[in-house]
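S.K.: The residues making up each chain are set out below.
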Amino acid sequence: MMKIALSLLLLAPLAFAQEQASECLDKTGVKWVTPFEKALEQAKQEKRLLMIKPVAFGTSSDGGW
Amino acid sequence: MLRAGPLSDARVMRLVNRRFVPFFFDLSNRGFAGDPKARAFVVKAVPVLGGRSVPTPQVLFMTPDGKVVAEESNYAGAEQFIKRLKQVMRDNADYMKPTEAETALMVLEDRAQLAIDLLDYARARKELVKADSPRASYLRGHLDRLDGKFDAMKKQFARVTAAELRDDVRMESAYALWSAGNYEALKNALAKFPTKSNRYSEARYYEGLALFHLGQKKEAQQTWAATIKGCPQDAWIYRADWAYCQSKSTGGTMRFSSSGSRTSLLNRIGYMGRKNPDLTRK
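In the order they appear, the protein sequences are chains A and L.
The first sequence finishes on residue 65 if you use my numbering, and the numbering steps up by one all the way, no holes.
The second sequence finishes on residue 282 if you use my numbering, and the numbering steps up by one all the way, no holes.
This is chain A alone, in the form it adopts within the complex (with noise of 0.2 Å):
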């Protein structure tokens, strides 16, 4: 039990600065929404559709796409 918490609590800076990151690396206006798992429980909250974009040919190791 100790050693989830202990996981979750080193995990929880790491997700967190990922999207922090992921937002200031957004040059193109649009409010992208992230992890999944955040853009998955707003648009039910919200009730709106997910818009999604996968990208095949790879992204930059700073997010670029």
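Mixed in with the good hints there might be a few duds.
When the alpha-carbon atoms are kept at most 30 Å apart in a straight line, the in silico DSSO-like pairs for lysine-lysine are as follows [claimed, not checked]:
no., chain 1, residue 1, chain 2, residue 2
1, A, K47, L, K149
2, L, K192, L, K275
3, L, K67, A, K47
Just so you have them, the derived chain A footprint on chain L, three or more residues with Cβ under 8 Å [what the hints assert, rightly or not]:
no., segment
4, 13 to 24
5, 32 to 46
6, 61 to 73
7, 126 to 133
Residues of chain L placed beyond 10 Å of chain A at every Cβ, according to the derived structure [to be verified]:
no., residue
8, S8
9, A10
10, L27
11, S28
12, Y95
13, K97
14, E109
15, Q113
16, L119
17, A162
18, A163
19, G181
20, F193
21, K229
22, A235
Please keep in mind that the hints were generated in silico from the structure rather than gathered at the bench.
For every residue, glycine included, the Cβ atom is placed at its ideal position computed from N, Cα and C.
Position chain L against the provided structure of chain A, taking the given hints into account.
M.R.: The following block gives chain L in isolation, referenced to the frame of chain A:
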């Protein structure tokens, strides 16, 4: 292609931000944008995207329970993308209801801006009938610009004296010159645009286009490159990057990589399938 094309179009951005939850991810699960949960969600609905070699994925419009209600091509232009968005909105009215905050809007100019965002220009004009303010005149002029009625636009903008709208009026007015192909006047109209303006990178993009069409290709590229480096957070830099790459291209398919000599200024991996129409206009 999408980010430099329809997803850098102000009409598309506003509409998407108002009525959809936009999300992108790396289908390979690798890299910064890899998201296994998103992949599982999408592959369940579109199994072909789960293979090793997949076709260029479309933009998917999906319900939160995983049903695909519409798709649009990765290579769509802005007008095609807007047409699709409108169709999706018509066919899925249950997902398009106004928010409480939108319903509570009382200021006529705010209601008009909402209607503009939703591409309902007739309603926006209706909201502005009784509005009498510099912002109302600006919005009427903006609507005239969107409709290509540049003489009417000028009359509205003549009434806008508010300092906070000065840059907006200047940029909107430049569209009349762009539309007429008056590139010398366009270059002059946008020169030394205030760097802290919300329209700065848009102005620089069009200044670069003016230079490009005047035959000053190198100066155009320098303008776009400087704008991209100076505006790390902006809608227009993808389009500037696209113009920069195309103007550097010596023909054939434009293919850029994220490293080496064929690197786009934004580390874009590819601008395949379509040329920037702003450079090829006649």
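S.K.: Take the hints in turn and mark each one as holding or not.
M.R.: Hints and how they fare:
1. Between A/K47 and L/K149, the direct Cα distance comes to roughly 37 Å. Violation of the 30 Å bound is thereby established for this hinted pair.
2. Of the pairs offered as hints, the one joining L/K192 and L/K275 holds, with about 28 Å between alpha carbons and a cut-off of 30 Å not exceeded.
3. Among the hinted pairs, L/K67 with A/K47 is consistent with the structure: their alpha-carbon atoms are about 14 Å apart, no more than 30 Å.
4. Interface restraint, the segment 13 to 24 of chain L with chain A: holds (9 residues with C-beta to C-beta distance below 8 Å; minimum three).
5. For the segment 32 to 46 of chain L, the stated coverage by chain A is satisfied: 9 residues place a CB nearer than 8 Å to a CB of that chain, which reaches the threshold of 3.
6. Counting residues of the segment 61 to 73 of chain L whose CB lies closer than 8 Å to any CB of chain A gives 5, which reaches the minimum of 3, so the coverage claim holds.
7. For the segment 126 to 133 of chain L, the stated coverage by chain A is violated: 0 residues have a C-beta nearer than 8 Å to a C-beta of that chain, whereas at least 3 were required.
8. Not every Cβ of chain A is farther than 10 Å from the Cβ of L/S8; the closest lies at roughly 6 Å, contradicting the non-interface assignment.
9. With a minimum CB-CB distance of about 7 Å to chain A, L/A10 fails to clear the 10 Å threshold, and the non-interface call is violated.
10. For L/L27, the condition that its CB be more than 10 Å from all CB atoms of chain A is violated, with the nearest at approximately 4 Å.
11. L/S28, annotated as away from the interface, has a beta carbon of chain A within 10 Å; the closest lies near 6 Å.
12. The non-interface label for L/Y95 is inconsistent with chain A: the shortest C-beta to C-beta separation is roughly 5 Å, within 10 Å.
13. Once the 10 Å rule is applied to beta carbons, L/K97 is inconsistent with being away from chain A; the minimum gap is 7 Å.
14. Distance check for L/E109 against chain A: the nearest CB is about 21 Å away, which clears 10 Å, and the non-interface claim stands.
15. Chain A leaves L/Q113 outside its interface by the beta-carbon criterion, the shortest separation being 16 Å against a cut-off of 10 Å.
16. Non-interface status of L/L119 relative to chain A is upheld: no Cβ of that chain comes within 10 Å, the nearest being about 16 Å off.
17. Look at L/A162: its CB is around 24 Å from the nearest CB on chain A, clear of 10 Å, so calling it non-interface holds up.
18. For L/A163, the shortest C-beta to C-beta distance to chain A comes to about 24 Å, beyond the 10 Å cut-off, and the non-interface label holds.
19. Against the 10 Å criterion, L/G181 stays outside the reach of chain A, whose nearest CB is about 27 Å from its own CB.
20. At roughly 18 Å from the closest C-beta of chain A, the C-beta of L/F193 stays outside 10 Å, upholding its exclusion from the interface.
21. Non-interface call for L/K229 relative to chain A: holds, since the shortest CB-CB distance, roughly 12 Å, exceeds 10 Å.
22. A beta-carbon of chain A is positioned within 10 Å of the beta-carbon of L/A235; the least distance is around 3 Å.
Comparing the model with each earlier hint shows violations of hints 1, 7, 8, 9, 10, 11, 12, 13, 22; every other hint is respected.
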